[in-house]
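**Student:** Chain by chain, the residues run as shown.
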Amino acid sequence: MPSLVDAARSQVGRKILSGITGILLGIFIIFHLIGNLTLFGSEQAFNIYSHTLESMGIFLYLFEIGLVLVFLVHAYIGVAIWLRKRKRRPVGYEKYSSMGDPSKQTFSSRSMIFTGIILLIFTVTHVATFKYGDTQMITVDGTQMKDLKALVINTFQNPWYVIYYIVVMILLGFHLRHGAWSAFTSLTMKGGTKTSAVVYTVGTIFAVLMAVGFLFIPLYIYATGGTGALIAS
Amino acid sequence: MSNDNMQFDLKIWKQEDGDSQGAFQEYHMEGVSEDMSFLEMLDLLNEKLIKNGDEPVEFDYDCREGICGACSLVVNGIAHGPKEETPVCELYMREFEDGQEIVIEPWRAAAFPVIKDLVVDRSAFDRIMAAGGYISTKTGSAPEANTIAVDKEDADKAFDYATCIGCGACVAACPNSSASLFTGAKISHLSLLPQGKHERKERAVRMVEQMEKEGFGDCSNHAECEAVCPVGISISAIARMRKEYMRAVTES
Numbered sequence: 321m322p323s324l325v326d327a328a329r330s331q332v333g334r335k336i337l338s339g340i341t342g343i344l345l346g347i348f349i350i351f352h353l354i355g356n357l358t359l360f361g362s363e364q365a366f367n368i369y370s371h372t373l374e375s376m377g378i379f380l381y382l383f384e385i386g387l388v389l390v391f392l393v394h395a396y397i398g399v400a401i402w403l404r405k406r407k408r409r410p411v412g413y414e415k416y417s418s419m420g421d422p423s424k425q426t427f428s429s430r431s432m433i434f435t436g437i438i439l440l441i442f443t444v445t446h447v448a449t450f451k452y453g454d455t456q457m458i459t460v461d462g463t464q465m466k467d468l469k470a471l472v473i474n475t476f477q478n479p480w481y482v483i484y485y486i487v488v489m490i491l492l493g494f495h496l497r498h499g500a501w502s503a504f505t506s507l508t509m510k511g512g513t514k515t516s517a518v519v520y521t522v523g524t525i526f527a528v529l530m531a532v533g534f535l536f537i538p539l540y541i542y543a544t545g546g547t548g549a550l551i552a553s
Numbered sequence: 008m009s010n011d012n013m014q015f016d017l018k019i020w021k022q023e024d025g026d027s028q029g030a031f032q033e034y035h036m037e038g039v040s041e042d043m044s045f046l047e048m049l050d051l052l053n054e055k056l057i058k059n060g061d062e063p064v065e066f067d068y069d070c071r072e073g074i075c076g077a078c079s080l081v082v083n084g085i086a087h088g089p090k091e092e093t094p095v096c097e098l099y100m101r102e103f104e105d106g107q108e109i110v111i112e113p114w115r116a117a118a119f120p121v122i123k124d125l126v127v128d129r130s131a132f133d134r135i136m137a138a139g140g141y142i143s144t145k146t147g148s149a150p151e152a153n154t155i156a157v158d159k160e161d162a163d164k165a166f167d168y169a170t171c172i173g174c175g176a177c178v179a180a181c182p183n184s185s186a187s188l189f190t191g192a193k194i195s196h197l198s199l200l201p202q203g204k205h206e207r208k209e210r211a212v213r214m215v216e217q218m219e220k221e222g223f224g225d226c227s228n229h230a231e232c233e234a235v236c237p238v239g240i241s242i243s244a245i246a247r248m249r250k251e252y253m254r255a256v257t258e259s
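Sequence lines, in order, name chains A and B.
Just so you know, we're using the working numbering here: the first sequence kicks off at 321 and counts up by one.
Just so you know, we're using the working numbering here: the second sequence kicks off at 8 and counts up by one.
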């Protein structure tokens, strides 16, 4: 019998690992979106939320290291599968088409490597913009904290940033559409054709909710100049 | 009235042998009956080619009734052609438009090297089977059929997976050239039956390892394999393969 390490490196193991890391990243972005929506809460809700996270100290660092590892494992498996697949079919087809239903082969599934790499690059720039961006210090209820809300609102006054975020969030939607289905399929042990259709639909709804949720924020801030009715000031 | 004079522009992959470079050759076909099977249409082409002293197009076939799994043509970009749950030997020319162009290619995968024209070497599948796609049993007189009871539900499921004819369309259609549906079907079939349960762990591990050794790609859950499978095997076979493999490595 292969060891667990060998098993993780096998075709089956890689796919299961890709699914587990994908689901962890999916859970992360759900909480990320909920956190972002505090921008539409009370005046300082977003700043208090981000300050609370930053005050976690060592726990935040551990969480961030874990997140980076999950991200890297997920990306590594994806890139490795893509590199390998090119060797698996050295001569391609002159003509290739999908048979259609029950196939789940779509733009989403074929572009995972492309959307995935864009998301990886995006994540680096996104962290650089907001985690390491210049912020003013403000005092809320006697506590000194970063005015991250002002940074967000100022950043999204730049139309190029807004376009960049909207495009990447649409690509995120495509990545999640196949990703949600694929992760679930890799991890469940009994997917039949009927279950598959349900899982795929639920995955698509999740993908749309995430993409629309995330792109709404920069779009709304830009459209209203940061003074929209939803943003308390 | 059936149409006996359909015309087609065929674009067929020609390749001398595994070492030579292949290329497409175009053939104009006339006098094709809509009631001909796809292979009969190719027979007609070959008769004409042979009569003219030209080299015929090599393609694989045996039973021509959807059982043997020998036929293996990618027709207009789809393994076994456009009709669902139908191998190319049971595909009829009435499925095509009169005058249409038809591109015919072999299964394309590193693990299925071309032997000649449209014929590929699928012995990689035989080696996956030899790695574990069997049950060890004493041969001799047949045992009493009712001594080992099998639940109706399990028997039906096992039979669904056992219908795999090993044609390789799943590999041909998969964007990654993965053999997961084939291997999954074989593992699922035997793991569901009492006769196959004793060796289930070794079987799952060996067959998965052999599949990778043969140079088949990773599964990316595109599910294209299920769509082209001529006997309609569901990707639940792949889910079962993963379960069997994980059971083998996690249970001592």
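Please note that a few of the clues may not be correct.
When the alpha-carbon atoms are kept at most 20 Å apart in a straight line, the in silico SDA-like pairs for lysine to any residue are as follows [said to hold, decoys possible]:
no., chain 1, residue 1, chain 2, residue 2
1, B, Lys208, A, Gly420
2, B, Lys21, A, Glu414
3, A, Lys415, B, His35
4, B, Lys145, B, Ala156
5, A, Lys405, B, Pro63
6, A, Lys415, B, Lys145
7, B, Lys18, A, Glu363
8, B, Lys90, A, Gly420
9, B, Lys250, A, Ile340
10, B, Lys21, B, Met36
11, B, Lys208, A, Leu507
12, B, Lys90, B, Glu47
13, A, Lys415, B, Gly106
Hints in this document: simulated from the structure, not taken from any laboratory.
Model, not experiment: these values are computed from the prediction.
**Student:** Quick check: which numbered hints come out false for this structure?
**Tutor:** 1, 5, 6 and 7
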